[in-house]
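A.B. asks: In order, the protein sequence lines correspond to chains A and B.
Be aware that the first sequence starts at 1, since it is given in my numbering, and climbs by one per residue.
Be aware that the second sequence starts at 942, since it is given in my numbering, and climbs by one per residue.
Worth double-checking, as some hints may not be accurate.
[Stated by the list, open to error] From the structure, some residues in chain B lie toward chain A, with a derived Cβ separation under 10 Å: (1) 1067; (2) 1169; (3) 1171.
[Unchecked claim] Straight-line Cα separation of at most 20 Å, SDA-like style, residue types lysine to any residue; simulated pairs: (4) A/29 x B/1100; (5) A/13 x B/1077; (6) A/607 x B/1073; (7) A/74 x B/983; (8) A/12 x B/980; (9) A/12 x B/1493; (10) A/875 x B/1067; (11) A/13 x B/1100; (12) B/1496 x A/217; (13) A/29 x B/1144; (14) A/13 x B/980; (15) A/29 x B/1073; (16) A/29 x B/1182; (17) A/870 x B/1069; (18) A/870 x B/1067; (19) A/12 x B/1182; (20) A/12 x B/1073; (21) A/875 x B/1095; (22) B/1384 x B/1399; (23) A/338 x A/320; (24) A/29 x B/980; (25) A/13 x B/1067; (26) A/272 x A/302; (27) A/74 x B/1100; (28) A/241 x B/999.
[What the hints assert, rightly or not] Okay, the calculated beta carbon distance ranges per label pair: (29) B/1095 x A/685: 38 to 46 Å; (30) B/1095 x A/667: 43 to 51 Å; (31) A/497 x B/1194: 48 to 56 Å.
For the record, the hints were derived by calculation from the structure and aren't laboratory data.
Virtual Cβ for every residue (Gly too), placed ideally from N, Cα, C.
What follows is the residue order along each chain.
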Amino acid sequence: MAKADASADDVKKVPFYCYQCVAGPDLAKVTVRNGVAERLEANFDIAEEHPGGGRVCVKAFGLIQKTYNPNRIKQPMKRTNPNKGRDEDPGFVPISWEEAFGIVGEKFREVRAKGLVNENGHPRLATSTGGGGTPVQYMGTFPAFMAAWGPIDQGFGAGQGVKCYHSEHLYGELWHRAFIVAPDTPYVNFILNCGANTEAQSGVVGIWREANARARGAKRVHVEPHMSITAAASAEWVPIKPKTDAAFLFALIHRIVHERGWADVCDVPFLKNRSNSPYLVGPNGFFVRDPDGKPLIWDAADGAAKPFDAEIGDAAMEGAYEVDGYELGPDNTRWDHKGVTAKPSFQVMLDLMAQYTPEWAEAECEVPAETIRRVADEFIAHACVGETIEIEGKTLPFRPVAILLGKSVNNGWGGYHTCWARTMLAVLVGALEVPGGTLGTAVKLVRPAASRVGSVLPGEDGFMRYQFNATSSNAWNRDPHIRNAYKTLVPLVSDSPWSPALGPAHLPWLFQKHQPKSWPRHDPPDIWMCYRTNPSISSWNAPEVSNRLAEFPFIVAFAYTMDETNHFADVLLPESTDLESTQLIRIGGTKFQENFWHHEGWAIRTKAVEPVNDTMDMSDIVTRLAQEAGILDAYIGAINGGAAGTKLARPGKYDFSLPAGEPPESETVWDNMCKAASWDMTGGADVHDLDWFREHGYMLKDYNQLDWYIYPALEAQNLRFELPYQERLTRHGQELAMRLGEIGVDWWETQLREYEFMPTYESFPEIWEDYVRDFGRDPAEYPFWALTARSFQYAWGANVGLPLIAEVADNIAGHSGVVINRRRARELRIEEGEQIVVESVTGRTEGPAVLREGIRPDTVLMIGQFDHWKTPFAKDLNRPSLNSVTDISLKLTDSTGSGSDIVCVKVYKASEKHLQKPLAVEEMGRYDGNIATAAFAQAAE
Amino acid sequence: MSEALCHDPEHTPRWGMAIDVNRCVGCQTCTIACKHWNDTLPDIQWRRVIDVEQGEYPNVQRQFLVTGCQHCAEPPCVPVCPTGATRQREDGLVTMDYDVCIGCGYCAVACPYQARTIAHEIQGYYDGEITRQEEAVFDDGRIGVAQKCTFCSDRVDSGLAAGLTPGLDPDATPACSAACIASAITFGDYNDPGSNVSQLVRDNPAFQMHEELGTDPQIKYLYTTPAVPGREPEPDDLSDERLADPANPLVGKVQQFWDWRAAMNWMFGGVGSGFVFAAWTMSFVVPADAAADYGLWLSAAQLAGAGLMAIGLFFVFLKIGRKMRFWRAVSRPQTSWMTRELYIVAVFGIAVLLGIATQHPAAQAVAAFAALGFLGCQAMILYRARGIPAWRHKLMPWMIFGTGLFEGFALLMPALALTIGLLAAFQLLVPLEIFVYSALALKTMQSASVAIVVLAAANLILWTAYRRSAAANGIGPLARSVLARVYRRVLILGTGLPALLYLTGLVAFGMGQTGTRLAIGVWLAGSLLAIFCGAYWKFMIVARASYQQGFAMPKQPHRGSGDRAAPPRLGGTAMRPGTPLAKAPAGVG
């Protein structure tokens, strides 16, 4: 029907939000004519307030097709084939919702009767809820269910393995409350970007702000092995050897502090007053402290050592000084010193960085030394050291330079090094958490979660407070309380609600197959519930993860279409999707990726159309599940307590709480939530119900721009950034080593070596080459580095089953197959579009060759995550996936518990398959998954 | 944008876009927003952003180029349209009337921006299943007709009616521009010097794509900012190797609008019309005493020629998307050579019938010149298809024209031989008459031979000149490689050999009976070769060498790696925040 027709039709525009990716939410409206969602557009009502001009991105436009996708699961289903496996037909048959709830309820009651944790101390119920926390924006009251249930193992993570911005998340929060790091784009003039795919991951707001910055004159230098769309939109692309970014960054520091002379070009007051640069380091590597335990600084003005918080005339940054004091080592080891030689930690850093010359780096990372020097010089030239700017009436330092790190740059081995170097570069010129500089966007590990600035609280030694997981002998979590053992193995990951998913979430898959040495027994969870996640596709070594899933005894999948994970499920519960259900969420403030708002508030996603199929609103499903589990009141209590949004009652203020004992309908929950949220926001001046939100879409109040920066809060409390020296962290590492040694765990030793006061470079690519050798193969046989990159059109969107998205994504090169350097391909006689195989020691994947110039000759790239074998439409795309050739391994896991999307591969034509030999792993006659570590081999003996 | 001017009834806006290449990141939000608003079928993208990579590792750059209808001030698609379905409004918007279009595809091949498509059937995104939403938004009226970007004229019009300002108010702005998340696509009124787009192109260097074609596109591309200065393309970017790479999105593909069925019009129509004219010219070499008989034969020949032309037109009829509306093609005689072709066909048809009925030489002469006109129309139809570089070459009409005549004269031989043969076979002539008529036919053949040799030489010269100047006239390497193949065959089999055979015939003719027989033989052989090769090359030109005009970036933001990276900038130009965005688009909202 043409648009102009039908004036008599029932037409309405329904506001909703799109939160399909971490860069959301974006607000949109959908036009519904006679009950059918026809078209979608941005909600321009919020154009002024939204930092991305109120726009929505390409992914949002897929939502209508997502709603009417004929491949959706149209009603609850149950498995009839008890045998699970990729090649087993699950034999799903439609059932009624009543039967579905009956089956799940019975299982819930059975498990609760047995006890919430199993004999190994692990929760019997596990949940996985998709990447980046975005599913939370769709799962309604499910968080309240989880809160009401009791112990749940969320340690299988989001379902992707720990390949997020992991080191950035952890070190970022420690150092500057930066779960995610962003440039202060509206003010920045120079961005050094080591592989962050900003234009693919930062959503509407990121693209909007970056485009404005480019037009304004900001310059971005992009360092990555291939020319991503972000590199394309940068003023310069610097091809770098994969996984050597730390060498590049160390050489930048060398250039600045040694060749250019730190005293001439750095922000010396910032270094002296806002970092631990002047803290004196003793012979054992720990700070030298005064009798009160305060680290000492040498005051060159007086020629005396003083506690860090004393009045200091001229803090010494260089040299060595004789001081009295003591060092505090692990397990309260104390070294008392009299007249011991101590150096400022800055001097220690200068000593360490002396070796990392641009020439040294060139040999390592294959970026010309001349380029490294130029980039460093551009960085300091743009830093505007000494300048200030007024923000909201307050004068702040103005340092318009920022450094970003990409995913595989800041996770896995080398992640510590790159994160440290990046943050240190910002500290050198005083460009951390000030206008124009490198900022954090949100906090997930420190508290309070709602306020980054509020989380700047005084802690030890003049630094911000940070709750490490205990490593002392009496407080250490000896027996992991969940399967990934984050509290046991990773002090830095802290213990917030996000910590389980940020622990080594791939270890449970590994441990399920191979019982590690000296470790509690590991069994799969009795029940696993998965929501908007597909680990059978998105994990490293996805095929092996599928095998592990097949061993899970009972899986409840909230399901959209059939996919590679719910293939193993026992019950499929189809939820009403984005346009068919209701939820209220927080918007505004500062959020990842580049969401820096001048407002904050709430936005609604409301049922725009009646469910197309026999699906249910997620909150209604959850309420019923809570009833079945016999935890209804606890569940209602959790909703009232704020688990699904905000508190429904605050004593003396308002009370919109739900009555106990009455299962609430979704609409009631969100109606009350609307009232509570609007009351809370306006102090009761404007209380709005669900109908109001349905009409208006959102509600906002002002948010102070000063809260984009935590520098003012540090300055006000006279706190310092904990850089460059990592005393606390190293102490925890040393204690952890002792603890693990005490229980006979020797398979975490490499990880323990990563705890260093300051990171020393190691040749990271060799770790992956070594991995090839562990399989008895010569790395020369696998001459390519295989990498992946985010696709803007697909990332996080769970939209691989939408042909509309595929159509427009195909306009961007690389989506269709394996990107390979054109000249290199010709040497291998590979033609454009020819089917090629990418093979590692553990897996294979294939797709058409895409010949490009913008990629190093030693690198191949597979965009997105494909290789589907079940998801309708996606399974016919013939697209490769890096996840089919990477591996899950202890050897490839760093001390924070993360790994990287990188693997050594060979590439050959599919037409030469007849020459194919068995995979290295097959040839070894066993599949360990983690084969390279001795830990499991020994355990097996 | 001065709202007052936009809403001033005295003011005629000229809507256009300024697209900032430096801002665009290829996210495809515009592409999908356009698909949403305009309900386009799978794989039809009125707005498309292509991913362009240039240079060689490590000196590479990658750009994203927004493509689509340029709403040219001088749109080549409008004058060619035979129905008037494609028009240009006062405000510059090039519009489509789906109820009038016959789906002939002429506008699509006339567009140098690959902006037009024709969907011949309704198709959903999911195989075998039409979703409720697809069913709700499908527009049958858009099937079998040309479609393209309208600059969302419906939004512009309804927006203006509601007092909104296109380019500033999203509801009055094309969906792509309103949706753009990089503020790369700015829409506005180029006739208003104060408008956003006017300011942008006044303050910033901009280029128009394929400016040299004289289309004056109303999409102007910005390519330089203080951070990322503009640059010229490197010679390598325009190398044959790059432009012969089908994976290069700048390279056009073979058009699919006019296939072998359309080619039949040139194959049959060319030889048919040429034959009619050639046969008429021979009436001047026929002795006066045979004039009446020749006149009879000429009528038959004109009827036969008409038949050939009709076959060609019938195949065109088979190709058009909305057959029952074919009659609408008579609507644009002012500008469309396709319409003119139809009118000339009418004149021709009437003249042929009158000629048959009256045997009046004037009617036959009118028919002959109408046929010549028809041939001319055919020549001009291809030439005016500005979207196909191989067609729009200035020699192409002469080649079509010359070859039509060449084929027409060549067809005289078999036609005359066949006539005599048939008359003899059916014993319609007594032996003496056979002798007389054969002598007459041979005389005619001899005269025609001279014309054929001359035309062969002319065609050879035209083809050679065409091929030599192909690259200089913007015909890309892929098309040129097809042309090279065709040229060799045309050179040897289509012109050289026939000319040689005709010359041989001319020499042999008169050398006794054997010589005459030899002459007849080689003339017939030469004719068949000439006709066959003529048809062959026209088929190849229409259906195989018809690569669409590719896209171009005559200027680019200077960004990339190595030699192509923006030059280092060591401070000094750092801008203070709060400084108004220098030369930055105001954008929507």
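A.B. asks: Would you mind marking each hint as holding or not holding in the structure?
C.D. replies: Checked hints:
1. 1067: holds (5 Å)
2. 1169: holds (5 Å)
3. 1171: violated (12 Å)
4. A/29 x B/1100: holds (18 Å)
5. A/13 x B/1077: holds (16 Å)
6. A/607 x B/1073: Given that 20 Å is the threshold and the Cα spacing comes to 17 Å, the pair holds.
7. A/74 x B/983: violated (24 Å)
8. A/12 x B/980: holds (18 Å)
9. A/12 x B/1493: violated (42 Å)
10. A/875 x B/1067: holds (14 Å)
11. A/13 x B/1100: holds (17 Å)
12. B/1496 x A/217: holds (19 Å)
13. A/29 x B/1144: violated (35 Å)
14. A/13 x B/980: holds (17 Å)
15. A/29 x B/1073: holds (19 Å)
16. A/29 x B/1182: With a Cα-Cα distance of about 47 Å, the restraint between residue 29 of chain A and residue 1182 of chain B is violated, given a limit of 20 Å.
17. A/870 x B/1069: holds (19 Å)
18. A/870 x B/1067: holds (16 Å)
19. A/12 x B/1182: violated (54 Å)
20. A/12 x B/1073: Roughly 17 Å between the alpha carbons, so the hint for residue 12 of chain A and residue 1073 of chain B holds.
21. A/875 x B/1095: Given pair residue 875 of chain A, residue 1095 of chain B is violated - Cα atoms ~39 Å apart, limit 20 Å.
22. B/1384 x B/1399: Roughly 23 Å between the alpha carbons, so the hint for residue 1384 of chain B and residue 1399 of chain B is violated.
23. A/338 x A/320: Status holds; Cα separation ~14 Å.
24. A/29 x B/980: Holds: residue 29 of chain A and residue 980 of chain B sit about 17 Å apart, inside 20 Å.
25. A/13 x B/1067: violated (26 Å)
26. A/272 x A/302: The given pair, whose Cα atoms are some 16 Å apart, holds under the 20 Å limit.
27. A/74 x B/1100: violated (40 Å)
28. A/241 x B/999: Given pair residue 241 of chain A, residue 999 of chain B holds - Cα atoms ~13 Å apart, limit 20 Å.
29. B/1095 x A/685: 38 to 46 Å: Holds, since residue 1095 of chain B and residue 685 of chain A (Cβ atoms, about 42 Å apart) stay within the stated range.
30. B/1095 x A/667: 43 to 51 Å: At 36 Å between Cβs, range violated.
31. A/497 x B/1194: 48 to 56 Å: holds (53 Å)
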